[in-house]
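Peer 1: Modelling step: build the complete structure from the supplied sequences, incorporating the hints.
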Amino acid sequence: MSASRPARPRRVYDVAVVGAGPAGMAAAAGARQAGAERVLLVDREPETGGILNQCIHSGFGLHHFGEELTGPEFAQRAFAEMVDDGLDVLTDSFVVDRDADDELSVMSAEHGVLRVAAGAIVLASGARERTRGAIRIPGSRPAGVMTAGLAQHLVNVRGLLPGRRAVILGSGDIGLIMARRLTLEGIEVAGVFELLAHANGLTRNIVECLDDFDIPLHLSTTVVEVHGRDRVEGVTVAPVGPGLEPLLDRARFVPCDTVLLSIGLLPEAELARSLGARIDPVTRGPVVSSTMETTRPGVFAAGNSVHIHDLVDFVVEEAQLAGRSAAAHVLGGSAPRDNVTLVPGENVRYCVPHTISTDREHTVYLRVRRPLERSWLRLGDAYEKRLRYVVPAEMVTVKVRPRFLEGFSSEALRVDVVPREEG
Amino acid sequence: MSGLRPTGDTGEPGGATPDDGPVVDAGHEVTTYLCIGCPLGCRLEVEESAEHEIVEVRGFSCRRGERFARQEHTDPRRTVTTTVAVTGARIPRLPVRTAAPLPKGLVRALCDRLASVRVAAPVRRGEVVLADALGSGIDVVASRDLDRTDAG
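These protein sequence lines map, in sequence, to chains D and L.
Anchor point for the first sequence: position 282 equals 282 in our numbering, and the numbering is continuous, going up by one each time.
Anchor point for the second sequence: position 25 equals 25 in our numbering, and the numbering is continuous, going up by one each time.
Worth flagging that the hints you see were computed from the coordinates, not collected in a lab.
Quick reminder that beta carbons are idealized off the backbone N, C-alpha and C, glycines included.
Check each hint, because a few of them may be wrong.
Non-contacting residues of chain D with respect to chain L, defined by C-beta distances greater than 12 Å in every case (computed) [claimed, not checked]: (1) GLU37; (2) ALA117; (3) PRO142; (4) TRP376.
Below, simulated EDC-like cross-link-like pairs (lysine to aspartate or glutamate); rule was C-alpha separation at most 16 Å, straight line [said to hold, decoys possible]: (5) LYS399(D) to ASP359(D); (6) LYS104(L) to ASP214(D); (7) LYS104(L) to GLU406(D); (8) LYS104(L) to ASP147(L).
Peer 2: In structure tokens, the structure reads:
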């Protein structure tokens, strides 16, 4: 605004990618492959790889690399495969906002504040963990209550143990993985407590992280109070009734000095929001078209910053598409506009992308609300497909081909996952 | 410790209850496993004779499930991932893994053994950190590169 503002170094790119985790690396690669010459990849951490660097367990990359890798191995191989010399990587750097001239303001440890003009942006900033405040656990506020991902960082990267006896609230995969991790590091895990009647994590993690180490999983049970003044001294746990209300007459005290929360992830959509992109109240990430473009033209998004994925392999696929689309936005040749809105119907919590077009094939990701052993996936009355087994913890992936929607002429396509009779 | 402990019972009262199961010959023993192949999570049963021969595998709904039950019953193995101390790098821990799945009974002993391993940066991914771990014939290797930094 002011004429006296000191001139900041200015850089010009075709595509700027925010976040250098798996989504960011894949988006940058996608943009390069689609012909974008000048691509910038920005991350606030000192190195690329994002959360993979602290996920030292194996189970990554079966789809993408055809073998089972640890997080750091996946990150390093993805970097080697996706990051080429034509790509500028700016670590220790943070995208603050976009100014009135549509230029990004990037704060960099090495370069100070930079102005970045980019023809298109890909948001790949990942997710944040839900914290104690999100579920309002009553009790005191001592040290020792932390998210499972923070404990993972402390143990795996910093070499610090968070306590001696831990209780884990929530049966998400990170919590299960950390139950094993803490046990192997000599910390006693008193138990994993899950509010719902079913575990949230993969069966594989229940077996390999809990059963292998005799760590009890208490379903339909939650933490109703945290005790301790300076440090956690224990928690009160109670079973819950059918309406998930705690049954306090059956509450009991569990001594511990650490409480790990594995209660879900939320897309990091702060930048998307500040850029004026519309946010889906269910996914909590930006609404995206079939090219992964947000409602702000030229602003694309991918990975956990759009919706929470189970597998990094799908993140990569989605992000490559976002990167290619961003390049097409700059170079010309964008795909025709979407003409169909996907409407989550029975037993469907959300669909991504939010819109598709009837002229080409799309991969649609969706999550169900409740488990079904045998079901039909229905796209309006245009198409149906058998699904074998669906659970909320596992994303459903569907290829939608143009011939499925032949003769379909409405603008809204309802997506249902309904029970299928035997036979 | 023995791979024979029944799994799948989550310890929650009123949750998974052991059913009566099929009638089994005298001296036969049935062990159950929870299949990890897919979200279906089949309850697998392995029936063994008094001579410890597998008589029947039940409860699977695909070939992978049957294979898993036999493997889990006769020789359960796990890929072990943990960290070792590293000096001279930007971070103090180096993530490591077994190059192949290790017999399950050795997992804790391996982690105890690795507690005293210390390596110096630079390290390259795949570099052997502990060869022939506990005489298993399986190496423990670095999961990532770590460059040497001046700070070290």
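Peer 1: Could you tell me which of the numbered hints above are not met by this structure, giving the numbers in increasing order?
Peer 2: Hint check: 7 and 8 fail, others pass.
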